[in-house]
Amino acid sequence: SQQGEEDPQALSIQEGENATMNCSYKTSINNLQWYRQNSGRGLVHLILIRSNEREKHSGRLRVTLDTSKKSSSLLITASRAADTASYFCAMNFGNEKLTFGTGTRLTIIP
Amino acid sequence: DGGITQSPKYLFRKEGQNVTLSCEQNLNHDAMYWYRQDPGQGLRLIYYSQIVNDFQKGDIAEGYSVSREKKESFPLTVTSAQKNPTAFYLCASSGSTGNIQYFGAGTRLSVL
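Chains A and B, in that order, are what the protein sequence lines are. Residue numbers for the first sequence follow our numbering, so the first one is 1 and each next one is one higher. Residue numbers for the second sequence follow our numbering, so the first one is 1001 and each next one is one higher.
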């Protein structure tokens, strides 16, 4: 069964605004990753945050991790039309697999 | 170009038929994975392999089979026992298990 939940399920914002999506999980993680999926395509890795890290940045992306609340957030700043995609968190629980969240479908309105 | 190649892009299955989806990688990765994605849903793990000639069931292995005879190849067979095979199938590989995964472009399987 999936152990990752994301919210919101869908998000529509105006171009230039910031987008925030959240991921929650149930048991302790080794690391948490965020992936992007354009419609009908494969997933692309965005960023990895380890359990002993609290925040990471990559370009316009900012990821936070709160292990006490078992949650992570992905912030995309100054959104662009090309950011329209589905975003998934993926948890590594210390074994050989990743468990993916349910995804957030982001639409950027030009 | 380094990466993961899935073929075909679209596949149609007749009732009672087995079909095989191809996944090839030239990233020299040890671990490979197969996922199923239903419309508007996340990814569910079907099978994964950490090393040649070894593989493990994921969360939804029933009705599927795999082989790992070569490091670069991890084909998935959707058998006639899988009664609801219509989905988007994604293959991925990783340099070490639990770490960053690299995905192919996917195969969309439909039933005739």
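Hints are computed from structural coordinates only; laboratory data are not their basis. Model, not experiment: these values are computed from the prediction. Among these hints, one or two may not hold up.
Below 25 Å or equal to it, Euclidean Cα-Cα: the simulated SDA-like pairs (lysine to any residue) are [said to hold, decoys possible]:
id : chain 1 : residue 1 : chain 2 : residue 2
1  : A       : K70       : A       : E53
2  : B       : K1083     : A       : T102
3  : A       : K26       : A       : N52
4  : B       : K1083     : B       : S1065
5  : B       : K1083     : B       : H1029
6  : B       : K1009     : A       : T77
7  : A       : K26       : B       : S1073
8  : B       : K1014     : B       : D1030
9  : B       : K1071     : A       : K26
10 : B       : K1057     : A       : T27
11 : A       : K56       : A       : G40
12 : A       : K26       : B       : R1044
13 : B       : K1057     : A       : N30
14 : B       : K1071     : A       : N95
15 : A       : K70       : B       : S1065
16 : B       : K1009     : A       : R105
17 : B       : K1083     : B       : R1108
18 : A       : K26       : B       : S1065
19 : A       : K26       : B       : I1100
20 : A       : K56       : B       : Q1056
21 : B       : K1071     : B       : V1052
22 : B       : K1009     : A       : A85
23 : A       : K70       : B       : V1052
24 : B       : K1009     : A       : T84
25 : B       : K1070     : B       : G1058
26 : B       : K1071     : A       : R62
27 : B       : K1014     : B       : K1071
28 : A       : K26       : B       : A1061
29 : A       : K26       : A       : T84
30 : B       : K1083     : A       : G40
31 : B       : K1070     : A       : A85
32 : A       : K26       : B       : K1014
33 : A       : K26       : B       : Q1041
34 : A       : K56       : B       : G1095
Selected chain A positions facing chain B (Cβ under 8 Å, derived; list incomplete) [what the hints assert, rightly or not]:
id : residue
35 : N38
36 : A82
37 : A85
38 : F100
Cβ coordinates follow ideal geometry from the N, Cα and C atoms, glycine included.
Would you pick out the hints that fail for this structure and give their numbers low to high? Those not satisfied are hints 5, 6, 7, 8, 9, 11, 15, 18, 20, 23, 26, 27, 29, 31, 32, 35, 36 and 37.
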